[in-house]
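Just so you know, the protein sequences line up as chains A and B, in that order.
Residues 1 to 163 (the numbering used here) make up the first sequence, in order.
Residues 1 to 160 (the numbering used here) make up the second sequence, in order.
Hints were generated in silico from the structure; no laboratory data involved.
Just so it is clear, CB atoms sit at the ideal spot from N, CA and C, and this is done for glycine as well.
Please note that the accuracy of each hint is not assured.
[Claimed, not checked] In silico contact screen, one side only, chain A against chain B (beta carbon under 7 Å); selected entries:
#1 Met6
#2 Ala10
#3 Tyr31
#4 Met43
#5 Leu45
#6 Tyr86
#7 Phe126
#8 Leu127
The chain contents come next:
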Amino acid sequence: MLLAGMFIVALILVSIYPDRRGAVFNTSMDYLTEMAFILPAVMVLMGLFSVYIPEETVVKHLGKASGSKGFFLAILFGTLPTGPLYVAFPMASTLIKKGARISNIVVFLSAWACIKIPQEMVELQFLGPEFMLARLSLTIIFVGLMGFVIEWMMKRTNGVIDG
Amino acid sequence: MSITAILINAFALVCLIYGFYRDRDKAVKSLKKAAKSLFGILPTILIIIIIIGLMLGFVPPAEISRFVGEQSGILGVLLVGAVGAVLHIPALIAFPLAASMLESGATVMAVAAFITTLTMIGIVTLPMEIKILGKKFALLRNGLSFIIAIIIAILIGVIL
Chain A
1 MLLAGMFIVA LILVSIYPDR RGAVFNTSMD YLTEMAFILP AVMVLMGLFS
51 VYIPEETVVK HLGKASGSKG FFLAILFGTL PTGPLYVAFP MASTLIKKGA
101 RISNIVVFLS AWACIKIPQE MVELQFLGPE FMLARLSLTI IFVGLMGFVI
151 EWMMKRTNGV IDG
Chain B
1 MSITAILINA FALVCLIYGF YRDRDKAVKS LKKAAKSLFG ILPTILIIII
51 IIGLMLGFVP PAEISRFVGE QSGILGVLLV GAVGAVLHIP ALIAFPLAAS
101 MLESGATVMA VAAFITTLTM IGIVTLPMEI KILGKKFALL RNGLSFIIAI
151 IIAILIGVIL
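Construct all of the structure, not just a fragment, from the sequences and the given hints.
Take a look at the structure:
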C-alpha cells in the first residue's frame, strides 16, 4: 500500500518536473542495484545465524560468563543474532534473572543494536571500510564504558532491577 | 559488482556451505527463513530507495548541508542524532539512507550520529523496554546511548 502510494507520488513529481526524471531514476537504480547485489547474501547470513544460534545458547553462555570473557562473549553474541532490538529485551531480562552482569547485558544489547554482522556488511557496502571500521571500534570501546557506568549507577541505589 | 559485494557474497556462501555440511535440515530451514525475510523487507527497501531518489533528485545539496553539513556544526549532529532516536526503521535500511545523506552534503559526523542513535535508541520501543527491563535501566541505557552516539560521531568526524 505504502509502496504503491510512494510510487505514485514519485511518478507525479517527476511528471511535473520532467527535468528531474533522469536524476531521480538514475539515483534510485544505483541504490537498487547496490542493494540487490548484497541483500540476498545478507538475508542468508541472518537466516543461518537465527537457526544455528538459538536463544538458549546465548542465555546459557552469557548467563555465567564473567570478567573480560564476559565482555567479549557479550560482543560476540550481540553481533551474531538478528532481528530488531526489542527482540533482545526479553532475553536480557532472562539473563539478568540468571545473574549475568549488568555491564555485559548493556554491551550485549548495544552490540545487538548497532554492530550486528549482517548489518555491518550493508554498512561496508554503502559507507566503505574506513567508516565501518572506525564506527565499529569506537562503538565497542564506548559501549564497554557505558556498560560499567550503567552497572555502577544501578548498583549505587539498590542494585535490583524492577519489572 | 564491487569487491565488497563479492566478498559479502563469498562469506555468505562459505557460511551456507558449512551450514549444509553440519546439518542439512537446519540449512534448508535457514534458507527458507532468509527468503521469507527478504520478501518481508523488500517493500520497505523499495520505499526508501524511492525516497532517496526523490531526495537526491529534488532537494539541492546546499539545503541538506545547511542542516547537517559543515556549517551546521555540532548542532547539526545533535539534530540528526535526535531524528535517529525517534525514527523507527530497520537498521539495514539506515545504511543506504546514510550514504545518500553523505552524497548530498551531510558530514561524516552527522551520518555517524544518525546511524548510532537510530540503531541503539528506540523512543517507540521505550515503553516496552521499561516494562521488560525496568524504568531505570531503560532510561539510563537510552540516555547514555545518545551521549556516546554523539561522542562516537565527533571522534569519527575527527578521524575520517
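Right, here's what the structure says about each hint:
| no. | hint | verdict |
| --- | --- | --- |
| 1 | Met6 | holds, 5 Å |
| 2 | Ala10 | holds, 5 Å |
| 3 | Tyr31 | holds, 5 Å |
| 4 | Met43 | holds, 4 Å |
| 5 | Leu45 | holds, 5 Å |
| 6 | Tyr86 | holds, 5 Å |
| 7 | Phe126 | holds, 4 Å |
| 8 | Leu127 | holds, 6 Å |
Violated hints: none; the structure is consistent with every hint.
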